[in-house]
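Those protein sequences? They're chains P and Z, same order as listed. Mapping of the first sequence onto full-length UniProt numbering: position 178 corresponds to residue 178, and the numbering continues sequentially without gaps. Mapping of the second sequence onto full-length UniProt numbering: position 177 corresponds to residue 177, and the numbering continues sequentially without gaps.
Everything labelled a hint here was simulated from the structure, so no lab data went into it. None of these values were measured; they are calculated from a predicted model. Take the hints with a grain of salt, since some may be wrong.
Which copy is meant is left open, because identical chains are indistinguishable; a pair holds if it fits in one copy or across any two.
[Stated by the list, open to error] Below, computed lysine-lysine pairings styled on DSBU-like, alpha-carbon distance capped at 35 Å:
(1) 160 / 355
(2) 351 / 47
(3) 178 / 419
(4) 153 / 20
(5) 114 / 351
(6) 166 / 417
(7) 416 / 160
(8) 419 / 189
(9) 416 / 122
(10) 351 / 46
(11) 26 / 114
(12) 166 / 20
(13) 178 / 47
(14) 189 / 417
(15) 362 / 148
(16) 21 / 178
(17) 46 / 355
(18) 26 / 362
(19) 351 / 58
(20) 21 / 122
(21) 355 / 122
(22) 153 / 47
(23) 417 / 46
(24) 20 / 180
(25) 160 / 20
(26) 189 / 166
So the chains spell out like this:
2 protein chains.
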Amino acid sequence: MNERMNEEMNERILTLVEEKKFGVLKEELIEIMAVDIAEIFDDLDKKQSVIVFRLLTKDQAADVFSYLSSEQRRAIVEAIHETQLNEILEELFFDDKIDFLEEMPANVVKRILKSSTEEERKLINQFLKYPEDSAGSLMTIEYIDLRKEMSVKEALAYIKANGVDKETIYICYVLDEKRKLEGLVSLRKLVLLDEKLLISDIMTEEFIATHTLDDQEEIAALFKKYDLLTLPVVDREERLVGIITIDDIMDVVDRENTEDFQKMAAMEPSEEEYLESNAFALARRRIPWLMLLMVSATFTEGIIGRFENVLQAVAILAASIPMLMDTAGNAGSQSSTLIIRGMALGEIELKDYIKVFWSEFKVSIIVGVALGFINFIRMMIFVRAGLGFAITVSVTLVVTIMMAKMVGGTLPILAKKLKLDPAIMAGPMITTIVDALALIVYFNIASTLLGL
Amino acid sequence: MNERMNEEMNERILTLVEEKKFGVLKEELIEIMAVDIAEIFDDLDKKQSVIVFRLLTKDQAADVFSYLSSEQRRAIVEAIHETQLNEILEELFFDDKIDFLEEMPANVVKRILKSSTEEERKLINQFLKYPEDSAGSLMTIEYIDLRKEMSVKEALAYIKANGVDKETIYICYVLDEKRKLEGLVSLRKLVLLDEKLLISDIMTEEFIATHTLDDQEEIAALFKKYDLLTLPVVDREERLVGIITIDDIMDVVDRENTEDFQKMAAMEPSEEEYLESNAFALARRRIPWLMLLMVSATFTEGIIGRFENVLQAVAILAASIPMLMDTAGNAGSQSSTLIIRGMALGEIELKDYIKVFWSEFKVSIIVGVALGFINFIRMMIFVRAGLGFAITVSVTLVVTIMMAKMVGGTLPILAKKLKLDPAIMAGPMITTIVDALALIVYFNIASTLLGL
């Protein structure tokens, strides 16, 4: 199965929907994986979605449902009977159920809570309260719990009896009578080792755990560092309250990276998909930073204003301002991007401040001199500029590239030191700061060299 | 175990190394996870690394070795005996072994190949030939292969006998006598279902597979979409040649994102860690794009040169050039970043071109008008500019923001259409293009409105 085959299948299904051949369609859908069916829904309108959804088998319906977008789910919830909705919800893993409830309107949530048992209602309410980016909001409660007195054989029998509706059985959790987490046992060990051994003999007591309120970015880092498939979540008394599985962490990694990309491009981050956002929502996330950066640019106006007499004397000086500013901005962005990314991956830490500064200093000399030299040649040959003008611009270029790289390399670290997100010290912010510096250097060098 | 505890442990170990208390150190190391020991090596010098490495147990040594950086591995390979090296290599999974061989100098590789069996030597040579970003370079060969005639009970017995040195046993592969992949069986099913069932009854025949030369980015997308733990790799005859496990995919996701961040900041991407790169290597990756963008800026010089008379008449016009250019550049980067990211995650496709264009058009009107209005107020009140000048700048702002967003939103899609990486159409490139447009608009509006 590859992308092309997927597209062909999509088209075949769409044709069947349009030709209303629902009998054939039902047969075909049985052969298709849930996530691929969910993808077909992207090309269906609301009415068609409901029709196709009704053609799914019970098991498929819940699976497909868990892959649909929030908008699509709403359309389906509105159209299906309460009994069918309850059947679907029963099939969902607890973390998917909570995600679903979080995005539904209050009346739907109420209806669902009403038809839940007292115990489940309490649990749902507790889970709905975990902050959005916390371990609590990622975890699920379908795990295998073992006792350390069990033998491997007993444990396997217990798993066989209780494993069907667990999200994973590959890592099992050994709890004491107060549900305190004592150790982990992998199914790998249970299957490979002698069945007469006791769980207490084979369980790992040195394990990684996280707390309900820990941040998802830190949790993703743990998964990467320790090559985890699941991570137990414990409360303050070290009692197991849930587990996080790697499939959810893959999504976290994507979301965290998207957030960084957006912040680094001077936007308020959002988890909504681009094509699903309306124009006002998109604009609202872009205006604040643009505004702030625009107002900051008032400084550059002031600087040019102060050197108006220089410009009046040699108006052509203005011609190189865009090139100088762009190059300085780009040079600074390169440095800040590398440092921000290095910090996000844990490769660069606060204590590396001096190392980064020194490294950027060396790099900036090499880059600055190389570009200054090329620019001098360029201006003499292609622009046919005067020698004084060419030297002014080239020297400014060397100095501003050096400044830009020092600023770009160190501001993200400073931001982190001040407990700000380093990602805000990316291209746009660095460019605004570096532009002002570049102009000051430019006019000062021009005044001196050209004797203005 | 959290980060703070890790740091405390690191310090304790470092103290033991410095005080040369090797007996105690050896005891302490037994309790520490391999990846955490590897982290301690970052703070050790070459000589200390070798000492600590010699204190590890046989099993630990191989594990720790697989987590070390390429530089650290070399130091250790130079210092340890051939027999110990061979022991370590035997313990490594095949994919880690290949990674290791790839980074070692030719004489070390030769030595290792010499002491391998004929069969293994052939296999190693074959694996070393797979391109860097391909499925072949990610896969390992330690998997469980089953026959469809086996019963569940026989399969479990087979796994018990052969599973110890497999990278994973959670997904098993059903092969025919020609090693053609016929289906998958999860250990979950084997443990949960009746042991009298046959593998052919329970195996999944609808599975996702990849080919040895497929690109790692596409493979990562498959893991995300289908929530996979492992992915089989087959050759052209559909024979199983290896498997890819999710821990390696987590690294791929990080690497691919880093590559995008670097490209979007106008750098040649590199996998080397910042702090491990020397200044020349860092500079070499930054100069080409800076140079290209600098030379492109020659256009802006030409534009300003053409309007020299306008500038001569009203030199203060130059004062707003930086603000206009920065705002246009930022507005364009916002759009291009969203689109590039959306395409990287598969949320936006080529066929969405019109949708994106229309969406950016609407957003750009909202953002443009909002910023133009604020700028007008700002210039009238704080800059005390003349009405004509304030109107000129504000109108230019609206027009350039609109252009910037259309350009930023559509060029990444166009790049993809032309089979280029959309990531090159990010901030720096968009800024350079949009700057030229902004200047043309500015001077034309100024000439008209101010009657120059």
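Legend entry - Index of numbered hints that the structure contradicts, given in increasing order: Of the numbered hints given earlier, those the structure breaks are 1, 3, 4, 5, 6, 7, 8, 9, 12, 13, 14, 15, 16, 18, 20, 21, 22, 24 and 25, listed in rising order.
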